[in-house]
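S.K.: If you want the building blocks of each chain, they are given just below.
There are 2 protein chains.
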Amino acid sequence: MSGKLFGVGVGPGDPELLTLKALRLVKENEIIAVPGNDPKDSVAYQIVKGIYEEIENKELMAIPMPMTKDPKVLEENHAKGTQMIREKLDAGKNVVFLTLGDPTVYSTYIYVHKRIQQMGYEVEIVSGITSFCAVAAKLNISLVEKAEPLHVVPASYQIEDALKLPGTKVLMKAGKKMADVKKQLVESGVPAVMIENCGMPGEKIYHGAQEIPETAGYYSLIIVKDKEN
Amino acid sequence: MSGKLFGVGVGPGDPELLTLKALRLVKENEIIAVPGNDPKDSVAYQIVKGIYEEIENKELMAIPMPMTKDPKVLEENHAKGTQMIREKLDAGKNVVFLTLGDPTVYSTYIYVHKRIQQMGYEVEIVSGITSFCAVAAKLNISLVEKAEPLHVVPASYQIEDALKLPGTKVLMKAGKKMADVKKQLVESGVPAVMIENCGMPGEKIYHGAQEIPETAGYYSLIIVKDKEN
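So the sequences go chain by chain: A and B.
If you're matching positions, the first sequence starts at 1 in my numbering and goes up one per residue.
If you're matching positions, the second sequence starts at 1 in my numbering and goes up one per residue.
No lab work stands behind these hints, which were simulated from the structure alone.
Keep in mind that a hint or two might mislead.
Claimed, not checked - Straight line, CA to CA, 16 Å or less: simulated EDC-like cross-link-like pairs of lysine to aspartate or glutamate:
| hint | chain 1 | residue 1 | chain 2 | residue 2 |
| --- | --- | --- | --- | --- |
| 1 | A | Lys138 | B | Glu122 |
| 2 | A | Lys177 | A | Glu160 |
| 3 | B | Lys164 | B | Asp226 |
| 4 | A | Lys164 | B | Asp161 |
| 5 | B | Lys164 | A | Asp161 |
To be verified - Derived CB-CB ranges, DEER-like:
| hint | chain 1 | residue 1 | chain 2 | residue 2 | range |
| --- | --- | --- | --- | --- | --- |
| 6 | B | Lys4 | A | Gln118 | 46 to 56 Å |
| 7 | A | Glu214 | B | Asp161 | 32 to 42 Å |
| 8 | B | Gly50 | A | Lys93 | 27 to 37 Å |
| 9 | B | Met1 | A | Thr68 | 46 to 56 Å |
| 10 | B | Gly202 | A | Thr68 | 36 to 46 Å |
| 11 | B | Tyr218 | A | Gly36 | 38 to 48 Å |
| 12 | A | Gln118 | B | Lys204 | 23 to 33 Å |
| 13 | B | Ala179 | A | Lys93 | 43 to 53 Å |
| 14 | B | Lys176 | A | Gln46 | 41 to 51 Å |
| 15 | A | Lys40 | B | Gly189 | 46 to 56 Å |
| 16 | A | Lys49 | B | Glu59 | 30 to 40 Å |
| 17 | A | Lys93 | B | Pro71 | 51 to 61 Å |
| 18 | A | Gln117 | B | Met1 | 47 to 57 Å |
| 19 | A | Gln46 | B | Val190 | 38 to 48 Å |
Stated by the list, open to error - Computed footprint of chain B on chain A; a stretch qualifies when at least three of its residues, placed anywhere within it, have a C-beta under 8 Å from a C-beta of chain B:
| hint | stretch |
| --- | --- |
| 20 | 94 to 105 |
| 21 | 121 to 129 |
| 22 | 154 to 165 |
The model shown is predicted, which means the values in this text are computed figures rather than measured ones.
The beta-carbon is built from N, C-alpha and C at its ideal position, and this holds for glycine as well.
Produce the entire structure from the sequences given, and follow the hints as far as they go.
M.R.: What follows is the structure, given as structure tokens:
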């Protein structure tokens, strides 16, 4: 019988924000896959190690997930990662693939998930805490109340349009475009908070669009609310 | 010294989707508050009990949170709940307030949180798995990929406008308005999936707008994607 692929969200950084299910699956299974080139460099691996040091005795697989938009390079790497996982499943072994945050929200895991699923293997997604929920918690504020909509918007999207929407806006992955995003936030006069590396070393919070730096790391996120509260 | 208020998300239903931190806080503290009239009727309480039966030996507090839009009734109840919690904090005891899903996403807990915070007490939010992440996991699909925005929209909002937005739409709390929501979904011709009671007893999935029933329970949620995938 073939093994099963589990796509497991490990949350945004704090090892205690792992779910009970995520930790159980890591403990019960021998093969742990993580995105990257060296498994021990992976943030997802480090998060689990923060609460379960014995993970270093598991069989670790690094699944290459280059940060590129080149469709040819992506296709090659997804095919390669799928093949690596498939070999384990065919040998009757389960694979637990760790991914930052939640596997259904902008994760690269999902591309491998779809391929494995289409090949007819059993697959399961295990939810994780999203970065935007963790950021709101850290700031001690609500994201949305009552009838307010919530818009989660990658910076590659038209931020100008998004800022006109009613409700709360979460701007993700703005790192490289931060100067442009900051300009638009300052011009629109909306209340904004930015957080870098939430729950990780180097965490930093910026209150107000004027405070936001022109450059920021990959793990930065901006919350824009309709009004101060 | 005053106690501290923890607002703890217990996730969408599956007790194993509790975070390690949520379970630790329940175990370490004696006073557990839940929304409702009888603590043991509360869904949040039942979720924790599913994995930690000893919760029944804790000091349980039911915090009234009536489902009404009447501002006077809400004000009275939030004031009453705040007072109940405040008495425990003044006695130097921590209070762990359990709430379904995540405390920052449409939770009624947040109103008590704000009041207690404004009074100068220490407060902390502990993130939980949101219902929309759990639903996507259950359906084995991604919510959003690459540059797609995610719009989480309560049914009391203008759904017609929301359906025109690019990206994935999550329609929440549509229960009472389901007939109207269904009509708009059928007319717009978008691919929709509805799930009722995700991860709870009575879970049911409906594929396609035509399949959606005219009436549905409170714990129903619809995912509308730009295209089938």
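S.K.: If a hint holds in the structure, say so; if it does not, say that too.
M.R.: Okay, the hints, checked on the actual structure:
Annotation: proposed proximity of Lys138/A to Glu122/B holds, straight-line Cα distance about 13 Å (limit 16 Å). Using a Cα cut-off of 16 Å, the hinted pair Lys177/A and Glu160/A holds, with the two alpha carbons roughly 13 Å apart. The straight-line distance between the Cα atoms of Lys164/B and Asp226/B is roughly 10 Å, inside the 16 Å bound, and the hint therefore holds. Taking the CA atoms of Lys164/A and Asp161/B, the gap is about 13 Å. The hint holds against a cut of 16 Å.
For the hint linking Lys164/B to Asp161/A, the alpha-carbon distance of about 13 Å falls within 16 Å, and the restraint holds. A hinted range of 46 to 56 Å for the beta carbons of Lys4/B and Gln118/A is consistent with their spacing of about 49 Å. Glu214/A and Asp161/B have their C-beta atoms about 34 Å apart, which keeps the hinted 32 to 42 Å range intact. In this structure the supplied range 27 to 37 Å holds for Gly50/B paired with Lys93/A, their Cβ-Cβ distance being about 29 Å.
The supplied range of 46 to 56 Å is met by Met1/B and Thr68/A, whose beta-carbon atoms lie about 53 Å from each other. Taking the beta carbon of each, Gly202/B and Thr68/A are about 45 Å apart, inside 36 to 46 Å as hinted. In this structure the supplied range 38 to 48 Å holds for Tyr218/B paired with Gly36/A, their Cβ-Cβ distance being about 41 Å. Roughly 26 Å separates the CB atoms of Gln118/A and Lys204/B, a value that falls within the hinted 23 to 33 Å.
Roughly 48 Å separates the CB atoms of Ala179/B and Lys93/A, a value that falls within the hinted 43 to 53 Å. Between Lys176/B and Gln46/A, the C-beta spacing of about 45 Å keeps the proposed range 41 to 51 Å intact. Roughly 48 Å separates the CB atoms of Lys40/A and Gly189/B, a value that falls within the hinted 46 to 56 Å. For Lys49/A and Glu59/B, the Cβ-Cβ distance of about 36 Å falls inside the hinted range of 30 to 40 Å, so the restraint holds.
Hint check: Lys93/A to Pro71/B, Cβ distance near 58 Å, so the stated range 51 to 61 Å holds. Checking the proposed 47 to 57 Å range against Gln117/A and Met1/B shows it holds: the Cβ atoms sit about 53 Å from each other. Hint check: Gln46/A to Val190/B, Cβ distance near 40 Å, so the stated range 38 to 48 Å holds. Residues of the stretch 94 to 105 of chain A lying with their CB closer than 8 Å to a CB of chain B number 4, which satisfies the three-residue condition for coverage.
Counting residues of the stretch 121 to 129 of chain A whose CB falls under 8 Å from any CB of chain B gives 7; the rule of at least 3 is met. Residues of the stretch 154 to 165 of chain A with a Cβ under 8 Å from some Cβ of chain B number 5, which satisfies the need for three, so the listed coverage holds.
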